[in-house]
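Visitor: The listed protein sequences correspond, in order, to chains U and P. Just so we're aligned, residue 283 is where the first sequence starts under the working numbering, counting upward by one. Just so we're aligned, residue 109 is where the second sequence starts under the working numbering, counting upward by one.
One or more hints might be untrue.
Which residues of chain P face chain U? A few of them, derived with a C-beta cut under 7 Å, are [to be verified]:
1) Tyr137
2) Ala138
3) Leu142
4) Glu151
5) Val159
6) Arg160
7) Trp162
8) Arg163
9) Asp164
10) Tyr242
11) Tyr267
From chain P, some residues computed to sit far from chain U (all C-beta separations above 12 Å) [what the hints assert, rightly or not]:
12) Arg118
13) Ala161
14) Arg180
15) Thr187
16) Gly190
17) Pro257
18) Ser263
In case anyone wonders, no lab produced these hints; they're calculated from the structure. Where a beta carbon is used, it is the ideal one built from N, C-alpha and C, also for glycine.
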Amino acid sequence: MTTDRDFERRIADHYAAQAPANAPRWVLERALASVEATPQRRSVLGRPWSITIRPSDLASLGMVAAAIAAISLVGLVLMRPSVIGPAASASPSPSPSVRPSPSTGYSRFDSPINGMSIDVPSGWQAKPATESWTGGPLNFDSPAADVIFDPATRDRAYLVLASKPLDSLSGNWQHEVIAWLCNGSGGEMWSIPGGIDGVRAEAHR
Amino acid sequence: MQTDLVDLARHGDREAFGALAAGAVDRLYAIARLLLRDTHLAEDATQDALVRAWRDLPTLRDVERFDAWLHRILVRSCTDIGRRQRRLRTEISVLPLEPIEPDRMADLADRDQIERGLRRLNEAQRTILVLHFYVGLSPSEAAEALDIPVGTAKSRLHYAIDSLRAALAAEERTSVGAEPEGRLA
Numbered sequence: 283m284t285t286d287r288d289f290e291r292r293i294a295d296h297y298a299a300q301a302p303a304n305a306p307r308w309v310l311e312r313a314l315a316s317v318e319a320t321p322q323r324r325s326v327l328g329r330p331w332s333i334t335i336r337p338s339d340l341a342s343l344g345m346v347a348a349a350i351a352a353i354s355l356v357g358l359v360l361m362r363p364s365v366i367g368p369a370a371s372a373s374p375s376p377s378p379s380v381r382p383s384p385s386t387g388y389s390r391f392d393s394p395i396n397g398m399s400i401d402v403p404s405g406w407q408a409k410p411a412t413e414s415w416t417g418g419p420l421n422f423d424s425p426a427a428d429v430i431f432d433p434a435t436r437d438r439a440y441l442v443l444a445s446k447p448l449d450s451l452s453g454n455w456q457h458e459v460i461a462w463l464c465n466g467s468g469g470e471m472w473s474i475p476g477g478i479d480g481v482r483a484e485a486h487r
Numbered sequence: 109m110q111t112d113l114v115d116l117a118r119h120g121d122r123e124a125f126g127a128l129a130a131g132a133v134d135r136l137y138a139i140a141r142l143l144l145r146d147t148h149l150a151e152d153a154t155q156d157a158l159v160r161a162w163r164d165l166p167t168l169r170d171v172e173r174f175d176a177w178l179h180r181i182l183v184r185s186c187t188d189i190g191r192r193q194r195r196l197r198t199e200i201s202v203l204p205l206e207p208i209e210p211d212r213m214a215d216l217a218d219r220d221q222i223e224r225g226l227r228r229l230n231e232a233q234r235t236i237l238v239l240h241f242y243v244g245l246s247p248s249e250a251a252e253a254l255d256i257p258v259g260t261a262k263s264r265l266h267y268a269i270d271s272l273r274a275a276l277a278a279e280e281r282t283s284v285g286a287e288p289e290g291r292l293a
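Bound conformation, chain P alone (with noise of 0.2 Å):
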């Protein structure tokens, strides 16, 4: 049981801990590498929240509540690297390779055009769509690893989702505006 070994390493077990580290550590690096969108940070952030997470595991008072917990922690970790690295940070997107079957095309457009959308984004409302969309949290556990309001978590990610679909129609309004008009003479 997840709530044993937490009150285990609550108590200064490492062992359980360890395990506790190794049953979360994918799921916390993909919300970090969502968060930060860069592999180093989100390296350096997931580590970051597991050492957060043992040293002040002691101030844990409902163990039932660790996954919300840690999920505090890792966005707390994640804008912290965030701040530290903004200045510094260059995003380098990785291209595939490999031959794109056509039917595929279509479904990366979708996401390349959806990655441009999120860019336009701030990082609060990123940060909720990711928390709601990806790890799955409803609006009120959102609020509860975010620290702030439940109305406010509601609020945000109404005014993401809204956001992000207005960023993706002026883009495709652009894009149609930008079609060459030739063909015709």
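Just chain U, with the same shape it has in the complex (with noise of 0.2 Å):
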């Protein structure tokens, strides 16, 4: 009777014997020539961001609507976290926090008052709030708001990241902040491919 390690062994040569050295040259020469002719799918914002939230920082924010928005390319999103506190405090960060992240080629911007870390690619930049967000129209200049944009673009496509206690919202909250968010830019929904963990997601642009 055969052990396992025999058995496996007769698994892993029968594929040896079956598998062929190499592929028709012909393969690779195709490949390539469609590669030629085939764009590269970026991410709408260039490059794909993630977004972490602190359960630490969401004890004491509580129940938090958050927003990140952006102005040619508006992202939504509405959390709920299972713990119940205070709402958040309106200390201001000090200075903007963006630094490198543990991902290669990407950078961490930590909001204090919004208790969220965003990835966001290396380059990028950060404008801290400096006060919570109340309610009203976010944009670029809004001092309620943490503000995440390439050099490049800057006011033309960005990120805003705000957030707003949830029992301070009215039961049709999400028509309200999708208004907030939209206010002035237009256009349609999309959605954030995959959402984020216990984060539900939608966008605007």
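Combine both chains into one complex, guided by the hints.
Guide: See the structure below:
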């Protein structure tokens, strides 16, 4: 009776014998010819980005609606943490805090007011919020918003990060938030593929 | 360094991507051939995976994970092409024409037996066997390539091996039972 290791060796030997050593030359040639005519799929903001929610901050923020927006590309993230606590404090961040991210090619921005971290392509800059958001339109110059932007595009394409306690919103709060984000920008709805764990994500353009 | 090439290609450098593709094409083709068991489909899947890789490379966040990411793309290409072609597919085995030495007969018979056993497995089981036993991926790496949880990959691998073993055992029992009873009289 064969042992497990013998049996696995038989499988490995079978595959080694069956596998072709080389691909036909034209496979690579045709693939590269197709590549010449194929544009790369790039993120709407140039490169992919991600958001990380810090649970410890959420505990102190309580139920918070957070919004990420851009003017030409407006994104919206609404989250509902399980821990309920006091509303967000309004203490401003002392300085921009974009620092290297664990992911190569990205920098991490920590938002003390909004209790979030966001990884953005290296080279982007941040203009931290200096006060809490109490509602109203958000844009590049809003003091209540963390503004994260590519220096090449500045106020033509940027992210706005803001948060607000959910209990201060009406039952129709989703539409209110969308209205604030869409103010003056117009455009169509789009989604952030895959969403974010524990976060509902929608966006505008 | 491959990571340098990946980073260049991720930013649109076609020459860097060409170097990456040249280094990967034989391995991708071999995997595709084992997964699809069809030469022409494997060629299509390999091309498709390389073009997809180029197109989606800007979405790769960790250049160190390029190989695992490429395996995942190839598996998807094989799955898509396999599904599209399944109804039209005809498998043709090319038998060796040269004389076979006696000591190779047992080896060929063994491989033929395993091949028949593999045909009794489902696609998901065959895929994880190829990734583990041919590509050499660990269960966690195979899980990444298949975009499934590690626990699922481990159990799938376990059941695939068991199923193959059971298929071979069943075949051996059948062949023993089918042996002529004669020569006694």
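Visitor: Run every hint past the structure and note whether it holds.
Guide: Consistency of the hints with the structure:
Proximity of Tyr137 of chain P to chain U holds as hinted, the smallest CB-CB distance being about 3 Å (cut-off 7 Å). Interface hint status for Ala138 of chain P: upheld, as the beta-carbon distance to the closest one in chain U is roughly 4 Å, under 7 Å. Because the beta carbon of Leu142 of chain P sits about 6 Å from the nearest beta carbon in chain U, less than 7 Å, this interface hint is met. A least Cβ separation of about 5 Å between Glu151 of chain P and chain U falls short of the 7 Å threshold, and the interface hint therefore holds.
With a least beta-carbon distance of about 5 Å to chain U, the hint placing Val159 of chain P at the interface is held under the 7 Å criterion. Given the 7 Å rule on beta carbons, the hint for Arg160 of chain P is violated: about 9 Å separates it from the nearest Cβ of chain U. With its C-beta approaching chain U no nearer than about 5 Å, Trp162 of chain P sits inside the 7 Å limit, and its interface hint holds. At a threshold of 7 Å, the smallest CB-CB gap from Arg163 of chain P to chain U is about 5 Å, leaving the interface hint in force.
For Asp164 of chain P, the suggested interface contact is upheld, since its CB lies about 6 Å from the closest CB of chain U, less than 7 Å. Interface hint status for Tyr242 of chain P: upheld, as the beta-carbon distance to the closest one in chain U is roughly 4 Å, under 7 Å. Taking 7 Å as the C-beta contact cut-off toward chain U, the hint placing Tyr267 of chain P at the interface is violated, the least distance being around 14 Å. Distance check for Arg118 of chain P against chain U: the nearest CB is about 8 Å away, which does not clear 12 Å, and the non-interface claim fails.
With 12 Å as the threshold on Cβ separation, the claim that Ala161 of chain P sits away from chain U is violated: the shortest Cβ distance comes to roughly 9 Å. Interface exclusion of Arg180 of chain P from chain U stands, the closest Cβ pair being 15 Å apart, more than 12 Å. Every CB of chain U lies more than 12 Å from the CB of Thr187 of chain P, the least distance being 18 Å, so the non-interface label holds. No Cβ of chain U approaches the Cβ of Gly190 of chain P within 12 Å, the least distance being about 17 Å, so the stated non-interface status holds.
For Pro257 of chain P, the requirement that its beta carbon stay farther than 12 Å from each beta carbon of chain U is met, with the minimum near 15 Å. No Cβ of chain U comes within 12 Å of the Cβ of Ser263 of chain P; the nearest lies about 16 Å off, and the non-interface call holds.
In summary, the structure is inconsistent with hints 6, 11, 12, 13 from the numbered list given earlier, while agreeing with the others.
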